[in-house]
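Listed in order, the protein sequences are those of chains B and W.
Position 69, counted from 1, in the first sequence is what the working numbering calls 69; the numbers after and before it change by one each time, with no gaps.
Position 152, counted from 1, in the second sequence is what the working numbering calls 152; the numbers after and before it change by one each time, with no gaps.
Think of the hints as simulated: they come from the structure by calculation, not from any bench.
Any given hint could turn out to be false.
BS3-like, lysine-lysine: derived pairs with alpha carbons at most 30 Å apart [what the hints assert, rightly or not]:
no., chain 1, residue 1, chain 2, residue 2
1, B, K54, W, K101
2, B, K67, W, K430
3, W, K139, B, K34
4, W, K162, W, K430
5, B, K54, W, K139
6, W, K295, W, K234
7, W, K460, W, K135
8, W, K162, B, K54
9, B, K34, W, K162
10, B, K34, W, K237
11, W, K496, B, K54
Given next are the chains, with one letter for each unit.
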Amino acid sequence: MNSDRLAAIVLLVICGVLWYEVLPYSMLASFFPKIVLGVLALLSLILLVRSSIKGEKTWLFQDIDKKYIIFAVVILALWIGMIPLLGFLISSIIFFTMLVWLMGKRKTSISSILVAFVVVCCIVSVFYYIFKEVLLVPLPGGIFFD
Amino acid sequence: MSESIVLALSHLVEIENLILILAGVTGGIVVGALPGLTATMAIALLVPFTFTMNAVNGLITLGAIYCGAIYGGCFSAILIGTPGTPSAIATVFDGYPMARKGEAEQAIVTATGGSVVGGLIGATMLLLLSPLLAKAALKFGPPEYFWMAVFGLTIIATLASKSILKGLIGGAFGLLLSTIGMSPIAGDVRFSFGQPELQGGVELMTALIGFFCIPEILFMVEQRAKMYTLITYKRRKGITSSTLMKVIQKPFLLIRSAVIGAVVGIVPGAGGNIAALVSYNEAVRASNTPDEFGKGHMDGIVASETANNAEVGGSLVPLLTLGIPGAPPAAVLLGALLLQGMRPGAELYTVHAEITYTFLFSLFVANIFLLPVGIYGGRAFSRLVTIVPMKFLAPTVAFLTIIGSYAIRNNIMDVVIMLVCGLFGYIGRKLGFHPGPIVLGLILGKICETGLVQSVLMGKASGSTWMLFFGRPISLVLIFLCLLSALWPFVANALKKRGVLNLDVPEEEGKEEDSELG
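Make the full structure from the sequences, and use the hints.
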């Protein structure tokens, strides 16, 4: 299956699901979404037809190392997910360091991780201070600081 | 009115504001100069720092960042052959060969001179055109706003993507995103799927940070091991002034490039990269020595850099008057403007005239600041490109996206929405759907829906919906523009066959051109 066809099918499914969601809305609220859904479905259908005529056999993550992207996304998701629990400061230091480690060379020595950790602590503390004290954004403290 | 202009000028000479402009320009140049960090990202990442500032300080800082970031792209374009921001794409064509010939300093000074002149002409056009357009916009009724939004969407779909179909799908998807939350006329809550956080809809700034920053972070992860070789240069006596003289002696080239840049900027959605490419091609066509281009010709750098900085002013014309961003970085500025409680339109030039004019004048100052900052700080900025390790850059950007999207409403759910938008954006980019049309759809959705539903209601009341949509003079002009932009790809193809128009970019730059991030 080429990527265009997959995209078209996913979009059509989204249109179908949202169409049912729209049905009970009042006329004024559903008027515009219905038109947009119709247009989007029509365009997706054209994409579907076109992809079967001249299908590009490109696949999403053909020439890149999928592993790293998946790790990066997981780290980002955990980073955000852990903020309410661990607090902004601790969560950022942990997952920021992990991202630095991911971006680095395959074989990382303990000392380079330590250096990264120190740099990360500095960056995070500086921005934490700016946002919390200067810009007065109430950053979550988590279970340790609340 | 004249009173607010005087007040605006007096704000401008306040030392605090001058420092903010200087800081904004410098910060913008730094982010713009780093490959992988685009001008749009620069603004998106730095907007949160302006939340607690007052409107004047916040806006002039962001305007300065915008000017600086677009200009900053030239450093990596010239010294490592990779545009630091997509706008600098055409600067690579002649800037990099020039640097390799040992004329790096001349190239940088040329780019600086061109940027300053372009930026000033763009800002002048903004100052002259936007109040007029804002006045004209007062005549816009709901049908006109509807057609305006449709025009914005058709034009970005045709300009910003390689595939028109995918551009249109992106735009429609953006429209769909805009319908999440409270309906503007009826007040029903739509597509919230029981999540109270979604009742207010997708916050524009959150989506912008997600769509423009997260994909770039993941691209940096993809290219983890990439190293750049920098061409270094030393400042030599006399080069700066002699090069600047040479630049000034090309008035036709400067003015033509600046006008092209500003006009492309005004067109919704088409960013600095398109401005620079069009201007570059026109410079080649008008030149007596077209063969010299691409081998390190000064005119090539002037054409590209003048146009992309003129685009800054141009892109703000439709933004400030109609609420339609002329380029992706302007979309982020819209987010910032709305957060400051300022709605684009005639109100900016009447109720908020003092703030608006201070902002407009600050763009002149910012562009003038480019000259000393670029020339004296140039070597430091170019070193940054290689000194800042990629392995810290991507995580730092990630950190700023998280803290920034949280700071908008102090809400962790916004951060989650930001990440989801970002992942959509990343996968979309891989599939050939660019964030430009999606974001424009999200912005135009509200304008489009309000215009459409109000028009239908008005039509019902007056008895003729048809006449309301197709019978009003301004609407007719807008419909004509919609058709023109929808048919443009076919016109462009025909022109290309005759060799009149050439927007093709050499292969290696193809990927960057795709990114259309301004």
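Outcome of the hint check:
no., hint, result
1, B:K54 with W:K101, "violated (45 Å)"
2, B:K67 with W:K430, "holds (16 Å)"
3, W:K139 with B:K34, "holds (29 Å)"
4, W:K162 with W:K430, "holds (13 Å)"
5, B:K54 with W:K139, "violated (47 Å)"
6, W:K295 with W:K234, "holds (22 Å)"
7, W:K460 with W:K135, "holds (28 Å)"
8, W:K162 with B:K54, "holds (16 Å)"
9, B:K34 with W:K162, "holds (28 Å)"
10, B:K34 with W:K237, "violated (66 Å)"
11, W:K496 with B:K54, "holds (23 Å)"
Of the numbered hints given earlier, the model fails hints 1, 5, 10; all others are met.
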